[in-house]
Amino acid sequence: MTTPTAQMVRIMIDGMTVNVPKGTLVIEAARRVGVMIPHFCYHPKLKPDANCRMCLVEIEKVPKLQTACSTPVDEGMNVRTATTVVNDAHKSVLEFILANHPLDCPVCDQGGKCDLQDFSHQYTATSRFTETKRVFQKEYFSPLIETQMNRCVQCLRCVRYCDEVMDVKALAPVGRGTMTEIKHFGFHPLDCEFCGGCVQICPVGAITSRLSMYEYRPWMLKRAETICGYCGDGCQMTVQTKGQELIEVNSAHGAGRNNGDLCARGFFGFHAASHPQRLTHPLIRRHGALVQVTWEEALEYVADRVNEIKAAHGGPSFGGLISGRCTNEELYLFQKFLRMAIGTNHIDSSARYGHVNGLQAMQLVQGTHRWTVTFEDILDADVLILVGTNITETNPITGLKVKEAVKKRQATLITIESLEPVVDTMSNIANLSHHHFRIPTSDTHHAIVGLVKAVLEQNLTQPDLAQRHPTYVNAMTSALQQISWQDLQAATGIEPDAFVRAAKVAAGARRVVIMAGQLLLRSEQGYSGCLTLLDLLLLTGKLDAPGCGFAPLAEENNDQGAIEMGTVTELLPGAQPITNDTERERIAKQWKGELPTDKGASLIEMLERARVGSLKAMFIVGENPVGSLPAVIHAEASLRNLDLLVCQELFLTETAALAHVVLPAASSLEKHGTFTNTEGHVQAVRPAIEPVGDSRPDWEIFSALSILLNSPMEYAESKEILKEIRSLIPGYSSLGPTPLPPKVDHSAVDRYLTDGYQRDLASRYHPISRASRPDGTVRLELAQSLFHSGKLSTRSKGLLQVEGSGRLRISPSDAARFALSDGDRVRLSSTSGEMTTEVKIMERVPQGTAWFPSHFGQAAVQLFECAIDPITHVPSFRTATVSMMKVA
Amino acid sequence: MAGTGKDVSSETLGEAGTPLFIVRLACNDPMPKHELILLKNMMQPGYTGSLADYEKTGGYQALRNTLGKLAPADVTAIVRKSGLRGRGGAGFPTGVKWGFLPKDYQGPRYLCCNADESEPGTFKDRQLMERDPHQVLEGIVLACYAIGSETAYIYIRGEMVLGSKILEHAIGEARAAGYIGKNVLGSGINVDVWVHRGAGAYICGEETALLESLEGKRGLPRIKPPFPATHGLYNKPTVVNNVETLANLPHIITRGPEWFAAIGSPPKSTGTRVFCVSGHVKRPGNYEVPMGMTVRELVYEYAGGMRSDKPLKAFIPGGASAPFLTPAHLDVKLDFEHVAAAGSMLGSGGVTVMEEGTSMVWAALRLMEFFYHESCGKCSPCREGSSWLVQTMRRIFAKRGRMEDLETLLDLCKNIAGRTVCAFGDAEVAPIQSTLKHWRHEYVDLINEAEAANLIRPEPVARR
Ligand SMILES: Cc1cc2nc3c(=O)[nH]c(=O)nc-3n(C[C@H](O)[C@H](O)[C@H](O)COP(=O)(O)O)c2cc1C
Ligand code: SF4
Ligand code: SF4
Ligand code: SF4
Ligand code: SF4
Ligand code: FES
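Residue numbers (my numbering), protein chains in the order written: chain A, 1 to 888; chain B, 1 to 464.
Next comes chain A alone, as it looks inside the complex (with noise of 0.2 angstroms):
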């Protein structure tokens, strides 16, 4: 196959003239100019394969018609697309298509959408065929997708789709001839991503989603383009209602940073706002119970108890939580709120969780709190690095990126993951992989330590980095010398020379992208994980090169946002760290008041001030800490403990039933505003249905509150808070959709280069010391799981359908080893408690380690041990060593 290159060449379409590069399918030189040419199995993110023929063109000095999706363009070529002979041709294809095509648009949800209805007008096809049609039996296909076999006109899109770009591989062709059905393997429903790209790629009706099945046609439904709030991906997306009533989700070919690909989340998750447990009035707890109120009453009962509060303990007495899930302007102004209005510094976000880590280590190395790449440089990238993401799961959509550039662009794939790499019913990044590091999520760091020292033995270090910094050079050398290889491989398993031969690869190439993901990010190593894939870039002259950079993926949709609106204790909006004054008084003049002076406390902290009593309120949006946070913090004992606590909330989670006042706050398919993807991309959020019940976004909640409380932040609309966090932050108005993203801060590079290594450098680089497992016992761990994401994916109907309870995933020898199969109830037992759960045999998960998805980990999470960052404060729980055993 050819790939259109730098050349240019001339052709005539049609009559027009057109250049194009050299290699330029017919097809596409042709839609230069205007010209559409009717086709079925083309997609521009698809090889051709040229199996409809309906593309059929005549070209000059060709004697036989050809197929325009498949021929590339060639200098001085004449095509002609609308000759008789062609659009006999034309005619002829589509004859023979709609011979067996069963004619049912009255009943199919693709009519008003189909391109086959659209081209049967267009040759205003009549048929000869008599014949008898072929018949498929319905089959029963998944809860999610229906395929309806008798419209299927062969494209293989579907099929083609489903490998190449997700490789998922779910779907084949089965028999053949006018036999051939599209089915998938195994005699179950289909079990895979469910991405939904099959859904949108069919050009027919042949493949459909269930969750709108019979509710519309197209030119009934209202669009509103908007961002996902799953993941911090951020997937453009368009939203289809009807009414109020949320019908489907797609994505247009080509849009947003997803290119129009959504996964599981995105294309079958909307219907966590529609929910019927939505809270839709404002309620105030009156003797021991939470009675519904209007807004008036709710919000005057807030500021009242806000003012006796204050008045008594001072504003530090408050404290504020709020969900990276959030838009930026409700981010911003729940901080300026609690900055200004209330006057305290403790602040936190889910951003704590994790993204922390990865943006504190990015500003102390490089200076930066974004990426320094893009998702182009992922796809541009010669070597990859993932280093604890599952990306498939956690980050879809970047995973996609990665999995184009390996397949499609030959980057060299280097995995630090737990996975094993089998083939499975979803697709396994460690299956792309050339130096796959099947390492537990716990050992992750001597990985990153294994690679380090590789580089530096085998000096593939920077020339010129030993001579400027020699210090920060043979510091680390030493800090390595002093870990063995032995006790390298005894941790990890790996043999050293595997080390070698990825760091002499990492290091021999030109572009080259490091991603960290929540593995490593919300382990206890997450900071220093992330600061020591720094140092990798560092020495290998790789952090300033041009398509090279280290990027931490954010799990939830807003985390970026949340750190850039200086939604953390530790920063001010720009990301700006609190305690630098001249940022401190810039902002001050702007707000026109007095910043609070005291050192904010983040989450954990907070919770422990609650616990003995030091604070005394504490406003918490979107976040549920007594779901998501083990035992051994007491969140819940610590929050009832509280004089007052305001939740705004989508429903009435475990920490909102124990909230003073609960308000009832809009989903982002209800309000305006913008999310700050993973990569830095601030993009537009627009709302698809009104606000649900009387639920009111945050913004306005906070809005409303501060006038109440005599320092009011009127705005009429989200956009004006924009406009100001525009005027606030520098550059920040210059970051469109395709912003450049930041360049690294050299002095901050010399700093730390200097002195800032110093830190933590023992810390980072430690000899191994290696606990056993006791016999009996497995490493459980909090898993993503693809189908859920942040608070709401539980409750959406359609992913329910596919994971709807947590299942504990153990690999094929542990459940030999402790005589379990499919579905067996196990008892897990650590030092902080017990929990029984059923298990599910999955390849993928390594042997020794139990997986349980986060979403439904409740109790599971309850067993964890709780280690916090004395750097970033970022608090750890996602492993555990349990015992297991069977129970009846």
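Since the hints were derived computationally from the structure, they do not count as laboratory data.
In this text, a Cβ means the ideal position worked out from N, Cα and C, and glycines have one as well.
Careful, some of the hints might be misleading.
Said to hold, decoys possible - Straight-line alpha carbon distances no greater than 27 angstroms define the calculated DSS-like cross-link-like pairs of lysine-lysine that follow:
#  : chain 1 : residue 1 : chain 2 : residue 2
1  : A       : Lys45     : B       : Lys217
2  : A       : Lys133    : B       : Lys399
3  : B       : Lys224    : A       : Lys45
4  : B       : Lys69     : A       : Lys61
5  : A       : Lys61     : B       : Lys224
6  : B       : Lys236    : A       : Lys45
7  : B       : Lys236    : A       : Lys47
8  : B       : Lys437    : A       : Lys91
9  : A       : Lys64     : B       : Lys268
10 : B       : Lys268    : A       : Lys61
11 : B       : Lys224    : A       : Lys47
12 : B       : Lys224    : A       : Lys64
13 : B       : Lys224    : A       : Lys408
14 : B       : Lys224    : A       : Lys22
15 : A       : Lys133    : B       : Lys414
16 : B       : Lys268    : B       : Lys282
17 : B       : Lys103    : A       : Lys408
18 : A       : Lys22     : B       : Lys414
19 : A       : Lys47     : B       : Lys217
20 : B       : Lys437    : A       : Lys407
21 : B       : Lys224    : A       : Lys91
22 : A       : Lys22     : B       : Lys103
Stated by the list, open to error - Covered by chain A, per the in silico footprint, the following chain B stretches (three or more residues, Cβ under 8 angstroms):
#  : segment
23 : 335 to 344
24 : 364 to 375
Fit chain B with the ligands to the known structure of chain A by using the hints.
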């Protein structure tokens, strides 16, 4: 057939003195009028196809005389000079095909021996493999040497269980004798040969579908370009050659390209063809004759004439994909150009003969049923067209035809040929187009009969 029913396992094979296999002699020409090349060994009484027998007839001398003595490019040049053309169907000049491999490509290249032989009326490759497997293997090793391949795959039709076992056994013998494997005959050249059995799809004989199938995928033809020469098996430079094509190589090397080029109808159709004569003849079987012999001679002199001495009504000269010809074409020379000029093709060499009294509509329907069954379904015109054609043909034969069906048939054929992914599309329309051309009245008669008897009635609705 003494060998049938018994599982031929390698342990029972090759004990000294005992015949390896008892295979039905499909080649029963009592006294060949021309020198045999490919079938020569197996026609000798007692020839078992074992390595020892093959070596006795001068087997593997070509290989010995090539390795270390001729450069790979010299072998290609010899083959090109011999004029050898592919015996699989398309008749592409073999040496020229080899020349398309990229010269400077560093990395693996592959040879695939196409032994899928599924064309109705074709059964020569089977006999070449079962009766003289080493002749094919020597050809394979020579071809590998010429194109620089260290790995050859024999993609054998799944039903040919015996053939695959014989080949496996022969490969074992050749490996033990140093003709195959690492460092062939001490030359430093490595060639490994593997047998891969198909799973019963005609389309897997099409070279790109064969490659897909070998890669473990569903056997669907690929779009060309790119051609296998540059992007073949596992996307590597690959040559696909037919069994018979490869079996010619040892003889061309040993006796020289000039010798070969003088046989048959030079310059374009050199060498012999093993014609598989079947149908209403007295002695169906494989006959190796120089190209350029007339059909008349082949049928009446070699195959013993017509079965019940009725006149010949029709014949297919080159397998089911080749258009039917008539008695008027009996003196057409069986070589590439002359058969093409007569409106058919030499194809795979399967000559199917039909006597007077055969219904041509039935014959075309029979082949259409085959093509309908075997259309892989990848491209719309062939997938849908084959089902449309076969249903219409069934209707006409069952006396439920209508006069306008004939125009529709021809129009559909026109709309399939030349517009499909692979050459199957051109093949499937041949029976209908050619029978409608030569025997249209038989269609008309059936339709008239239907109309006269008022037999036209809607076909019962078939449900699956
Ligand atoms: C539908 C179809 C079926 C084919 N089947 C066979 C086959 O069974 N055996 C074969 O040798 N060639 C077959 N061919 C031809 C091959 O594609 C290819 O041309 C041949 O193997 C090349 O070898 P040659 O150059 O030695 O003839 C078939 C072609 C088509 C289009
Ligand atoms: S929904 Fe499933 S079958 Fe369809 S493309 Fe996605 S992974 Fe493949
Ligand atoms: S189901 Fe749709 S996309 Fe898949 S082959 Fe059929 S028509 Fe094409
Ligand atoms: S969850 Fe993430 S990857 Fe999936 S559609 Fe939403 S933003 Fe995209
Ligand atoms: S022509 Fe027929 S056999 Fe060939 S690719 Fe198309 S459908 Fe398959
Ligand atoms: S679009 Fe070109 S053949 Fe299908």
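Any hints from earlier that this structure breaks? Give me their numbers in increasing order, please.
Those not satisfied are hints 4, 16, 18, 20, 23.
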